[in-house]
Amino acid sequence: MDISFSLDELTALVAPSRIAGAGAAAAITGLASLAEARPGDLSFLGNPKYTPEVATTAASVVLLPPDYTGAPRPGQVFLFVADPSRMLAAVCARIEERLWPRPAPGIHPTALIDPAAKLGANLYIGPYCIIEAGAVIGDNTILEAYCHIGRDARIGHDNWFKPRATVSDYCVTGDRVKLFVGAVVGGDGFGFETVDGAHRKIPQIGNVVLEDDVEVGANSTIDRARFAVTRIGAGTKIDNLVQIGHNCQTGRHCILVSQSGMAGSTILEDYVMLGGQAGLAGHLRIGRGARIAAQCGVLSDIPAGAIMFDSPALPLITAKKIAVLRKRLPDLFKRVKSIEKHLGIEETPPTHS
Amino acid sequence: MDISFSLDELTALVAPSRIAGAGAAAAITGLASLAEARPGDLSFLGNPKYTPEVATTAASVVLLPPDYTGAPRPGQVFLFVADPSRMLAAVCARIEERLWPRPAPGIHPTALIDPAAKLGANLYIGPYCIIEAGAVIGDNTILEAYCHIGRDARIGHDNWFKPRATVSDYCVTGDRVKLFVGAVVGGDGFGFETVDGAHRKIPQIGNVVLEDDVEVGANSTIDRARFAVTRIGAGTKIDNLVQIGHNCQTGRHCILVSQSGMAGSTILEDYVMLGGQAGLAGHLRIGRGARIAAQCGVLSDIPAGAIMFDSPALPLITAKKIAVLRKRLPDLFKRVKSIEKHLGIEETPPTHS
Amino acid sequence: MDISFSLDELTALVAPSRIAGAGAAAAITGLASLAEARPGDLSFLGNPKYTPEVATTAASVVLLPPDYTGAPRPGQVFLFVADPSRMLAAVCARIEERLWPRPAPGIHPTALIDPAAKLGANLYIGPYCIIEAGAVIGDNTILEAYCHIGRDARIGHDNWFKPRATVSDYCVTGDRVKLFVGAVVGGDGFGFETVDGAHRKIPQIGNVVLEDDVEVGANSTIDRARFAVTRIGAGTKIDNLVQIGHNCQTGRHCILVSQSGMAGSTILEDYVMLGGQAGLAGHLRIGRGARIAAQCGVLSDIPAGAIMFDSPALPLITAKKIAVLRKRLPDLFKRVKSIEKHLGIEETPPTHS
Chain A
9 MDISFSLDEL TALVAPSRIA GAGAAAAITG LASLAEARPG DLSFLGNPKY TPEVATTAAS
69 VVLLPPDYTG APRPGQVFLF VADPSRMLAA VCARIEERLW PRPAPGIHPT ALIDPAAKLG
129 ANLYIGPYCI IEAGAVIGDN TILEAYCHIG RDARIGHDNW FKPRATVSDY CVTGDRVKLF
189 VGAVVGGDGF GFETVDGAHR KIPQIGNVVL EDDVEVGANS TIDRARFAVT RIGAGTKIDN
249 LVQIGHNCQT GRHCILVSQS GMAGSTILED YVMLGGQAGL AGHLRIGRGA RIAAQCGVLS
309 DIPAGAIMFD SPALPLITAK KIAVLRKRLP DLFKRVKSIE KHLGIEETPP THS
Chain B
9 MDISFSLDEL TALVAPSRIA GAGAAAAITG LASLAEARPG DLSFLGNPKY TPEVATTAAS
69 VVLLPPDYTG APRPGQVFLF VADPSRMLAA VCARIEERLW PRPAPGIHPT ALIDPAAKLG
129 ANLYIGPYCI IEAGAVIGDN TILEAYCHIG RDARIGHDNW FKPRATVSDY CVTGDRVKLF
189 VGAVVGGDGF GFETVDGAHR KIPQIGNVVL EDDVEVGANS TIDRARFAVT RIGAGTKIDN
249 LVQIGHNCQT GRHCILVSQS GMAGSTILED YVMLGGQAGL AGHLRIGRGA RIAAQCGVLS
309 DIPAGAIMFD SPALPLITAK KIAVLRKRLP DLFKRVKSIE KHLGIEETPP THS
Chain C
9 MDISFSLDEL TALVAPSRIA GAGAAAAITG LASLAEARPG DLSFLGNPKY TPEVATTAAS
69 VVLLPPDYTG APRPGQVFLF VADPSRMLAA VCARIEERLW PRPAPGIHPT ALIDPAAKLG
129 ANLYIGPYCI IEAGAVIGDN TILEAYCHIG RDARIGHDNW FKPRATVSDY CVTGDRVKLF
189 VGAVVGGDGF GFETVDGAHR KIPQIGNVVL EDDVEVGANS TIDRARFAVT RIGAGTKIDN
249 LVQIGHNCQT GRHCILVSQS GMAGSTILED YVMLGGQAGL AGHLRIGRGA RIAAQCGVLS
309 DIPAGAIMFD SPALPLITAK KIAVLRKRLP DLFKRVKSIE KHLGIEETPP THS
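So the sequences go chain by chain: A, B and C.
Counted from 1, the first sequence has number 231 at position 223 by this note's numbering; the numbering is strictly sequential.
Counted from 1, the second sequence has number 69 at position 61 by this note's numbering; the numbering is strictly sequential.
Counted from 1, the third sequence has number 223 at position 215 by this note's numbering; the numbering is strictly sequential.
Treat each hint with caution, since some may be false.
Because identical chains share one entry, a pair is satisfied inside a single copy or across any pair of copies.
Distance condition first, Cα-Cα at most 27 angstroms in a straight line; then the derived BS3-like pairs of lysine-lysine [said to hold, decoys possible]: (1) K349 x K335; (2) K349 x K328; (3) K57 x K209; (4) K335 x K126; (5) K345 x K329; (6) K209 x K349; (7) K345 x K209; (8) K57 x K342; (9) K329 x K342.
Please keep in mind that the hints were generated in silico from the structure rather than gathered at the bench.
All values derive from a computational prediction rather than experimental measurement.
For reference, chain A alone in the conformation it holds in the complex (with noise of 0.2 angstroms):
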């Protein structure tokens, strides 16, 4: 990857209140912990704790607390900032914009755009992408390559989508919403009704709505309504390789870590955090602000605020003392054997079951 940011730059970006040493390498070409850094790369003080790696890192810049007191070494130059991660953060914002800059207005020829689907101004369509007809697309969006919008779809404005982004017929995104790779937004719900013992079907006419804001992670899937609105709230952010069944509700904010699953019809409040690979079964509510650990499996509604653990799920404070007593079953059994000899009582055979 090409970073490339003269002192001068960097200077101008991040406002030093003061500056230590010179010489530094005429351009920082990367970024790295304090431990991890090599010549030309910056580097920061972001955590106190780290403060002796400043001595002996070998970062060419590096961002410091106004309070550091050391001194650089030579060809080492030093910026002192009100507060460095922050600092760090504005220019890993300016290195993604050179990154990752946004396209320039156009459509791709090789696009097929239904004459009967509506572009808003100022996209971009890139190679491949195929809108189908009464489709919406708001303005200054982006749509990356093979990116397939389907029939009266609505898109917002400033979307981002990164390749092969799919938007399936009748579904709405809002404002600034994000789809990487393989996002699947629109799949049939899975439902089904047993008839002579075959499974037939039950028609998924709904749709999915992403509201503003809403980021969906490469691969993932989230299936339609079977009838209404499967919803996705403002603001929520949704990882890799997730799953979200039909009728299902998240509210505004909520996280959903990598591989984690909702079944139908069950319901996130708002600021609600699923780890990776948690599972929520169907038709339950999952009150505001509730953690769901990794690897959760939830079969009940659950109140505001609980933190969750283990599988079925029990509030973090049972289930971590669980996991200490369930270490030590093997003394207990063999404690209530030495009480049971100690009274002379016949241990009971145990049941089979």
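The hints should help you fit chains B and C onto chain A, whose structure is shown.
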């Protein structure tokens, strides 16, 4: 979504034994549950426990059982039918046909079809599809955009593949098979032998056969056999993000819920159900009609009809008992401790393992 | 599938020390286990426990160890070889070459290759591939249909990407890397900071490096680093639907089975194995050669060589003991109750947690 149904159409479709009320909206424009319905919606009473909601629903038209005794409000219409749920399903199926009409037969000019492929009658082949040499496509089959049919693959009649479905070389589908967006049929099995410390791929030269009426969900993956066949039995329905390893076999009419997985060579007999995120080790046999709960982990054969829960799997009844008892573990430890105290027995110091 | 091997070809390939029988089918047309073989099939005796099946197999040709003493039936041929399993593998490899011959070098006219990309010698670039500006493709690499190589990505020599594989901007692959259908290398890491109640994306400006001989399964996702590198060590094999978070590192020759997942910044040393659906929390180190069982949930560092099981993870031996004892919990509760009765101690009322 544009659902529009006149009351006349609706009446013709559901053939009510009696109609009450009049003056409903000229057209039904949505479907919703009694509680969530708004004016313009059709709703229904499918379960007696919701009977009180009929009196307060805002739905413009309600499907009701013949024995419902209330009267419609002004501007509301009640249609009395023998089985409101089934009539709703009929309405949904009609709506589905309108929302997803069969595309007219035809081959998009951007579809790349090898001259050595054999195409049936009455096909729709969408934009940017690729059909390789030797592939055979049955009559009335629909391939939406970007579908990829590998060399010498054989696709049956009346299949419907959503965009980006892949059937790799030499794989076979029966009739009426549905693949959803991004489904991958026929990836390599995951088999290696370790030679001099490096994992060397074992050739995976079998194929995948999907029998009649199989459905495979979005981004699910079914691996080809090491040799011979990975087979999905007729009528089996597979949800999104499911993994099926090489040489697996499913019986007829199995249900595999989202994110479940089967390791290599495992066999499901007919009517097996895998819950979400359930996982099966390799080389197992799961008996007819067994139900493997969500997140269950199965390490050994399961008899027909069993209901399994937990990881590693236990029969449901045992698992339920244990789930209750594990919450009482802290108490049990205390009780044993007080017995020891009572008896003046020293607690054995826990051995660490 | 059309496997066709004359007996002469087969004999030339496996070089038997002795041949018994004659008149086998002119051509071998399939491979199967002894029990499942039909006339026309090749089978083999790879494990002494199957010796009795040789006498009854319907296979036309059987690979046997030199010490097998039975005689072929009429129309059946026995080929005696030192190591039947290895010879079978040789036959499979030959079949694999026939089933998947290297495509002849060439660039499909529908491939979109930026003039600022650099192409090696002897490439195959399939239909509807896209190669962005600055990308570099090594010699002898094969990109099947719809592959997408991002800006400034660098692909090594002798890579083979199946259809729809994605290597995003700035990512790097070594030599002999294989990507399967829908694999996504270089999606954004999933990192946010919460500002005024909204999750703000932390820029993800690192990349992904896949070292030599890595394989990534269908629809798996590997995220780019926040900064620096997400690195997959040489010879590591990744199955389908696996998730690898930003800044993870795997050592050399790891095995990650289907649906396993690694949260951000976790490190696998060499030869680690993750079972199916196993999950690792972030910022952990898993020691060399450790084996993490299927569905195992790991929340802390794991020493080299450990075998872990259950969620949260326990050493296998402990987990096994506990798995047995938990089934005996109902008995234990009864035993403690009868001790209490015996002693006339009141059961403590359970505290609810």
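Next on the checklist: Flag every earlier hint the structure violates by its number, smallest first.
Outcome noted: Of the numbered hints given earlier, those the structure breaks are 4, 6, 7, 8, listed in rising order.
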